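Asks: Sequence:
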Amino acid sequence: MKAEIEFFRVLSMFGIIYFHSGYQHFKFVAYGGLVFFTVTAVFFYLQSDKKVNINRYIIPWSFWFLFYAIFSYLVNGYVFHNETNIFTMVFASPSLHLWFVPFISILFLFFGFFPYIFFNKLIGLFSCWFSIFLIVTYSQWDTSELTLPLAQYFHIIPAVLIAISFYSYTYNNDKYIMVSLFLLYGIVFLLIIFNNSNYAITYFFGLLPCLYLLKSKFIISKDSFLFKVSSSTFGVYFVHIFMFSFFRYFGLEGLFLLLSVFVCSYIGVFFSRRILPHKVTTFLFG
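Numbering-wise (our numbering), the sequence shown opens with residue 1 and increments by one.
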């Protein structure tokens, strides 16, 4: 695995935790972590043999769905708000942050039906330019008023398209896709300068470390400490919302709360993966 990607995977998780902490300063920069998370997840899936076991995602998601349902009932007296519809109940779960797993699982299943079309250069070019179109016109199709988690799904679609473009470039080494990708970066940067677009800010900072997908020679061993920490990231994604509740109960707030959640979530998942049987940690954290 590429060392830079593993490092930024951990950093992107910090960004997601920062966003969920409620901090308003730089929150759109922090949310770029989700963009990086999505681009790398799709990119490495497309590089795989397309036989990723979806149960690896769905089984731990189901456990944490039940966990947060019980937790919500004990703390709030209900699992879902009365106005919550069936779609939101199923795909957002009792804790909204879990929306990503059904989304990425459906996406991988879809890709599995069409495993060869992503080799095509035209698909890579189209994906890149369509992502540019979506980012440029975001103010016209802003989906924040849609039912949850559809808003999140549409918000992250450009990241999926960009991942396809990155993959198509690495497979074909096509100069037109390369030029299109750098134009994407330039256009997103201009949107920040001239439109002060928060959406563009999120994508720009989420996409910057993705450049390491194109050029990186620093390969690390799966036995390295960085890789082991990075491998805990999916588990941290599941547990960090509970950790917020836990530390807030004891009165932590502000930066100390943020750092406590980030550090303790990683420590907890890291050592759980080393102490508990492999089947148990796979069930809990994927």
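There may be inaccurate statements among the hints.
[Claimed, not checked] Simulated DEER-style distance windows between Cβ atoms:
#, residue 1, residue 2, range
1, Ser221, Phe283, 21 to 31 Å
2, Ile275, Ser139, 42 to 52 Å
3, Asn173, Leu259, 33 to 43 Å
4, Tyr212, Leu259, 23 to 33 Å
5, Glu145, Phe250, 30 to 40 Å
6, Phe189, Arg274, 24 to 34 Å
7, Asn198, Pro277, 40 to 50 Å
8, Ser139, Leu74, 21 to 31 Å
[Stated by the list, open to error] Below, computed lysine-lysine pairings styled on BS3-like, alpha-carbon distance capped at 27 Å:
#, residue 1, residue 2
9, Lys228, Lys215
10, Lys279, Lys222
11, Lys121, Lys2
12, Lys27, Lys222
13, Lys222, Lys2
14, Lys228, Lys279
15, Lys121, Lys175
16, Lys175, Lys228
17, Lys215, Lys2
18, Lys215, Lys121
19, Lys175, Lys2
Keep in mind that the hints were calculated from the coordinates and are not lab data.
Note that this is a predicted model, so its numbers are computed, not measured.
We treat Cβ as the ideally placed atom computed from N, Cα and C, and that holds for glycine.
Asks: None of the hints should be skipped; say for each whether it holds.
Replies: Hints, one by one, checked against the model:
1. A beta carbon spacing of about 26 Å between serine 221 and phenylalanine 283 agrees with the range 21 to 31 Å that was offered as a hint.
2. The hinted range of 42 to 52 Å is satisfied by isoleucine 275 and serine 139, whose Cβ atoms lie roughly 49 Å apart.
3. A hinted range of 33 to 43 Å for the beta carbons of asparagine 173 and leucine 259 is consistent with their spacing of about 42 Å.
4. Distance hint for tyrosine 212 and leucine 259: a CB-CB separation of about 26 Å, consistent with the stated range 23 to 33 Å.
5. Taken as a hint, the range 30 to 40 Å holds for the pair glutamate 145 and phenylalanine 250, whose Cβ atoms sit roughly 36 Å apart.
6. Taking the beta carbon of each, phenylalanine 189 and arginine 274 are about 42 Å apart, not inside 24 to 34 Å as hinted.
7. For asparagine 198 paired with proline 277, a C-beta distance near 44 Å keeps the hint of 40 to 50 Å intact.
8. Restraint check, serine 139 to leucine 74: a C-beta distance of roughly 41 Å breaks the suggested window 21 to 31 Å.
9. For the given pair, lysine 228 sits about 23 Å from lysine 215 by alpha-carbon distance, which is consistent with the 27 Å threshold.
10. The suggested pairing of lysine 279 with lysine 222 holds, with an alpha-carbon distance near 19 Å, which does not exceed 27 Å.
11. Taking the CA atoms of lysine 121 and lysine 2, the gap is near 25 Å; set against the 27 Å cutoff, the hint holds.
12. As the CA atoms of lysine 27 and lysine 222 are separated by approximately 32 Å, the hinted pair breaks the 27 Å bound.
13. Distance check on the hinted pair: lysine 222 and lysine 2 sit about 10 Å apart at the alpha-carbon level, within 27 Å; holds.
14. The straight-line distance between the Cα atoms of lysine 228 and lysine 279 is roughly 17 Å, inside the 27 Å bound, and the hint therefore holds.
15. Restraint check for lysine 121 and lysine 175: satisfied, since their Cα atoms lie roughly 10 Å apart, inside the 27 Å limit.
16. With a C-alpha separation of about 35 Å, the suggested pair lysine 175 and lysine 228 falls outside the 27 Å cut-off, and the hint is violated.
17. Proximity of lysine 215 to lysine 2 is assessed by CA-CA distance (about 10 Å); at most 27 Å being required, the pair is judged to hold.
18. The suggested pairing of lysine 215 with lysine 121 holds, with an alpha-carbon distance near 19 Å, which does not exceed 27 Å.
19. Restraint check for lysine 175 and lysine 2: satisfied, since their Cα atoms lie roughly 23 Å apart, inside the 27 Å limit.
Of the numbered hints stated above, those contradicted by the structure are hints 6, 8, 12 and 16, listed in ascending order.
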